[in-house]
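In my numbering, the protein residues as written are 150 to 447.
Hints listed in this document are in silico derivations from the structure and should not be mistaken for laboratory results.
A quick note: this is a predicted structure, and the numbers were derived from the prediction, not measured.
There could be a bad hint or two in this list.
Claimed, not checked - With a Cα cut of at most 16 Å, we get these calculated EDC-like pairs of lysine to aspartate or glutamate:
{"no.": "1", "residue 1": "K281", "residue 2": "E230"}
{"no.": "2", "residue 1": "K360", "residue 2": "D328"}
{"no.": "3", "residue 1": "K215", "residue 2": "D238"}
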Amino acid sequence: MIDIIVTTTPDAPFIPAIARIDAVSGFRFNTGYAYFKGSKTDALRAFKAATGTKTAWIDLKTRELKLLAATDVVPGNQLLEINHTVSMDALPAWLYFNEGKRMVLVDQIVDGNKLHVKIPAGKKDFKITFGKGTSFNLPGARVAGSFLTPRDVEYVEAARDLGMHDYCLSYVEAASDIDELLRLDPAARIIAKIESPRGLQFVASGYEAVKDKARLLAARGDMYVELDRPHDILHALKAIIDADPRAIGASRLLLSFLDPGNMPSCADICDIAFLLKLGYTSFLLGDELCADENVLKS
Numbered sequence: 150m151i152d153i154i155v156t157t158t159p160d161a162p163f164i165p166a167i168a169r170i171d172a173v174s175g176f177r178f179n180t181g182y183a184y185f186k187g188s189k190t191d192a193l194r195a196f197k198a199a200t201g202t203k204t205a206w207i208d209l210k211t212r213e214l215k216l217l218a219a220t221d222v223v224p225g226n227q228l229l230e231i232n233h234t235v236s237m238d239a240l241p242a243w244l245y246f247n248e249g250k251r252m253v254l255v256d257q258i259v260d261g262n263k264l265h266v267k268i269p270a271g272k273k274d275f276k277i278t279f280g281k282g283t284s285f286n287l288p289g290a291r292v293a294g295s296f297l298t299p300r301d302v303e304y305v306e307a308a309r310d311l312g313m314h315d316y317c318l319s320y321v322e323a324a325s326d327i328d329e330l331l332r333l334d335p336a337a338r339i340i341a342k343i344e345s346p347r348g349l350q351f352v353a354s355g356y357e358a359v360k361d362k363a364r365l366l367a368a369r370g371d372m373y374v375e376l377d378r379p380h381d382i383l384h385a386l387k388a389i390i391d392a393d394p395r396a397i398g399a400s401r402l403l404l405s406f407l408d409p410g411n412m413p414s415c416a417d418i419c420d421i422a423f424l425l426k427l428g429y430t431s432f433l434l435g436d437e438l439c440a441d442e443n444v445l446k447s
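Turn these sequences into a full structure, and let the hints steer you where they fit.
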């Protein structure tokens, strides 16, 4: 039987209607994007109340790279300040945004968390505007510090106090990532999102030791950009479901459904069929697809 996890904000008015769909097993609160007036405790309390008997998954952002402030990249102002200290084995390197649809070249890292964007030669009118919180992919980047951010920890503490223990962990790359959350909340039930080559290495050589503590999720949105070659996504999807038959397929799903007035694309239908053929029966629908109640019902 297919089961679906739906991404939502804690105060989305359509949660009760979607919760009545038998295939929907739970809801995901993306703490990196969702906006809610009030404290983290207020947000989680509202989320718990709205989802009722369905599982309320709290998505923690961990190693995800985000822009700290809105920035216009122009000649003479070429630094993007991000939320983590990072290092690279080699520069220059491509920095991807808009789910890999656009990219800029980073030629220096300043003070660990400022990415210097190289302006193309002769482009005196070059300008890219980035909004605060823009997510980036910098394939190969190593993120320094603890796995959980201070903001993640605040969410875990608030959730624990409310009796909520279901978490999605972004960018899991080692068994120690799982253990770090369990030290904060020993009752945690964990979905480990695999989004990078190091995450796939963990699936191959480290997951067996913690398979009873976490369920895998193939986070295709970031993984597709992070992998060396696009077709590697096929091997990655098989490796994840082979390691965990309960694994969840997520991201880049059914995007042609964003316009309910049009026929779904053949590629979307074949994509779902391919995932089912591999053995996936659980799916997580992402932020963009879940913003519209009518899209979800379609």
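Hints, verified against the model:
Restraint check for K281 and E230: satisfied, since their Cα atoms lie roughly 10 Å apart, inside the 16 Å limit. Restraint check: the Cα-Cα separation between K360 and D328 comes to about 12 Å, which is no more than 16 Å; the hinted pair holds. Taken as a hint, the K215 and D238 pair is broken in the structure, with Cα atoms around 20 Å apart against an allowance of 16 Å.
The structure is inconsistent with hint 3 alone, although it conforms to all the rest.
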